[in-house]
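Asks: The chain contents come next:
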Amino acid sequence: MQHRTLDIIKVRSKGEKVISDWIAANGWQLADFQRDTMAAYLAGKSGLLNAPTGSGKTYALFLPILADFINKNPDYQKPRKSKLRILWITPLRALTKDIQRNLINACTGMNIPWKIGIRTGDMSAKEKNEQIKDAPEVLLITPESLHLFFAQKGHEDMFRHLEGIVVDEWHELLSTKRGVATELGLAHMRTLNPNLLVWGVSATIGNLEQALQTLIGTQFDPEKAVIIRSTIIKKVEVESILPDHIEKLPWAGYLGINLLDKVMPIIMKSKTTLLFTNTRSQTEIWFRFVSENYPELAGQVALHHGSLDRDIRAWVEENLHLGKLKLVICTSSLDLGVDFRPVETVIQVGSAKSISRFLQRAGRSGHRPGATSKIYFVPTHAIELIEGVCLRDGVRQNKIEERIPIIQAFDVLVQYMVTLAVGGGFKEDVLFQEIKSTYSYQYLNTEEWQWLLGFITTGGATLDAYDEFSRVDREGDLYVVKNKRVAMRHRLSMGTIVSDASLKVQYVSGKYIGTVEESFIARMNPGDVFSFAGMNLEFIRVREMTAHVRKASAKKKGIIPRWAGGRIPLSSQLSEFIRERLSGSGYDIREPELATLQPLFDLQRERSDIPDKNQLLIEQCRTKEGYHIFIYPFEGRLVHEGMAALIAYRVSKIRPITFSMAMNDYGFELLTDSEILLEDLLQEHALFSTEDLLLDIQRSVNSTEMAKRKFREVAAISGMIFQGYPGQGIKARHLQASSSLLFDVISEHEPKNLLIRQAYQEALDQQLEERRLRMALERIRTQDVIIRYPTTPSPFAFPIMVDRLREQLSSEKLEDRLTKLVRQFEQVNGAKDKK
Amino acid sequence: MELRIKNNTFVLLPQKAIYWKEAQLVLVSDLHIGKISHFRKAGIPVPHHGSHDNFRRLDEIIESTDTKHILFVGDLFHSDVNREWDQFCSWRKQYPAIKMDIVLGNHDYLPEDFCKNYQIDIYPTELVIGPFTFAHHPREEFINEHEYVISGHVHPVVSLSGMARQHVTVPCFYFGTQQAILPSFGYFTGGYAIDIEETDTVIAVAAKKLYPVQLKTETSRLGA
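Order-wise, the sequence lines are chains Y and V. According to the numbering used here, the residues represented by the first sequence are 1 to 835, in order. According to the numbering used here, the residues represented by the second sequence are 836 to 1059, in order.
Any given hint could be a false lead.
Restraint ranges, calculated between C-beta atoms of paired labels, are given here [stated by the list, open to error]:
1. Y:Gly626 / V:Pro959: 48 to 54 Å
2. V:Gln954 / Y:Gly121: 48 to 54 Å
3. V:Gly965 / Y:Val802: 49 to 55 Å
What the hints contain is simulated information worked out from the structure, not anything from laboratory work. No experiment lies behind these values; they were computed from the predicted model shown. Every residue, glycine too, gets a C-beta built ideally from N, C-alpha and C.
Next comes chain Y alone, as it looks inside the complex (with noise of 0.2 Å):
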């Protein structure tokens, strides 16, 4: 550590020395990765910074850009005309508050004459206007923001002396179409200007080399990019909150409310704590068992998720900064989001699905450096225990999952790419150039290419005289957008996140409280109960895509919402820890989860059996609702739901059959309307075999229900839905089409459309997950197959046969299947109606 010492004092420019008197002056010390950071920004380097939340990333970035300003601008003090220099690119809006507040702080402390501005979504036109014409130095921003500055015509003027780029919380954007957005944008800005500085912030992920070269994008020489990690390593511990017996937990479930009472004193002791669930409605409800049975803290309770109106958020934002609420009950999020110092406990509430994610979460309380971050994990239902113990393997063991980029999404390209057309126009060698530079992007090819610009000018139309289509025009070589509608809607439906069709909830009198689902108040009738944002709401009525509510009594019990959500897998790295968990090896009874599940696997033994690392457990078993078969490759939801879909194919290549099939993190379920032996087929067959996996998994028919639920994302993204906004007249609906009838039609007529590959490609990537299947599979081959017959579902199997959500699988031709169907169904109903 000497020489650091010595590197201050010798400090080479006068924009070090200036920043150095300040932090003395202030009493702070630069840690050391804010140091490596000073150097490299003013060596010219770009990189990544690799830093936790609250260890002071912000400075860290931004006093090296002063330094160079002042650096290239002795007479740094005096004001001058402003010009916009760095763009400061935030992937919450919630956070660009306490950006700015600490920007302005540097700035002040040193007199330097910097307007640091924000750009939002709900700014006024007039405001915006103002903003262009009299830049500040600083913008923050997030990348939907940005995307839409490009839809402007002369945007490339605000971004002419831009000099850096700063992306903050990279690693939650880099997995995600934002992510891609941003990648496109920062390409876009290197376009305008080659020498563009790019700096990224990022926790730990297990990819940050990655994570970097995203940001740069490819056409970068390597050599003038860095990584700088912090050494701050924060201390967390993880203790799980146990029931007396294993019996008070239910066997299958996701609310965790049994376990209420012993949460409780938890929160009693603590000055603030955080209780995260994994849904929405699990807010409400965790809300809602709480008001009941703890009155005494009523006003000291509040919730917080993505369906409240940002004003609700707002203020419970702060309310948690200025520590006067005792407990928020929140999801996702407030994942991220400004430092909440009061807050000392975490709490989770399920599965936590990966380790990175439960780290992050863990990380909003303890925020004094040094200090440890200590998070319960309440569990949902009895198996998920052993969840505790994984997670504290994985803390200790520091494995962190990677955060995989998203390539060749042609969607926001199509997006993009009009975007641009809406603003001014493009060209198309220099557009292809641009988005060839990017990770995202690196592999498209011409053929790619010319389809898209296709896709948007001609609408993938032969010649037909009766074509109509209009989107983008050619203008000599520029590509632009003539039609003022197709501007304004496309200008109105930019993104990359799909929401489900929502409905405003709004009191009567006014204020808007947040969104619900259409489906779901589609079940409303006037009058019902509903219960949201904590509160009590009798519906009244439905006008122009808004739910009007009044207050009702706190007696009458509401229903509760449910916001459709993907639903996590558990991470392989957490997978890993728990197969290890379950064997003899990893059974360890001193660890207190397992100490408890030790009845539960007792019965899971009586009726089954515990599969040892090196087995792949089996059971089959007969109920009244058909044939059962339960397999167990403990490897997440997603590798499951791609190796039902997998095995249920193969078998059905063997005899038309029809499957129903259900999964959850552990493994996964075949029902079935006759008997498979399955003992025998596995002697036969290669059931698990890698072998044509990618052409069997295209072929079963599931394949494409999974692309099809991709494409909703997709059509939306590429412009093919319009989402609507309030306010809109009836015809606005004439422009609404389904994405599962669009998907069919597209299909059928142009099965080469790039969108609807993306879509399958997607359900491969993400959905079934490939790579991991492969991983899976092939570990399966070396694995002992244990077939057991319980007459019983086991504690294993369970939650998964509970589970209504489910996907189907069949050979039998459809004629054969409706007949039986409808008999079936004339059987049961028919029989139900007349008792």
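Since chain Y is already given, all that's left is putting chain V on it; use the hints.
Replies: Showing chain V alone in chain Y's frame:
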């Protein structure tokens, strides 16, 4: 497949239309002509070949029946006039001998000279022929117990579920005690799941075949 209602014979066609034998009349609902072009004009690239499928099936129906009259029970068109309408107009003129009428639906924004140009007569809300009332919207209440209403609008589909949690959802014809609803005929149209009661008869349509679903075992009480 044939159904008897009020002493008349209705033949259900797998093309998703109904042929009324006694009146030599074909009923078609919710064609949504112009929908694909409407989307394309707005920059949404729905494949434009789709519209041909509609005309092919209409031709098949005319060839396979002795129809003299086609009645469109609403949503023949989708929205603003576009060139797909011209395609329809040319198709219509191939059959000068067949009378064609339309009962207006909520999507039909027709130009003033429509009747003359298309040689189709307009009935703004409903048309009564014999014991039957033809309308676009299904009824919630009836004038009297003798009324029998045939309509469209809802694009009915039926979800069939059976053993081992299997299910299939397909378009269907719906026949209740006092009204019938046609499936949507248009190629690029969606569906809305309906509930079935014991007194109802539902005929599912899939893969150019009809599948009757009847919860009641005795003979149907249709139009009793």
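Asks: State for each hint whether it applies.
Replies: Going down the list of hints, with the structure as the test:
1. Y:Gly626 / V:Pro959: 48 to 54 Å: holds (53 Å)
2. V:Gln954 / Y:Gly121: 48 to 54 Å: holds (52 Å)
3. V:Gly965 / Y:Val802: 49 to 55 Å: Between glycine 965 of chain V and valine 802 of chain Y, where Cβ atoms are some 53 Å apart, the hint holds.
Violated hints: none; the structure is consistent with every hint.
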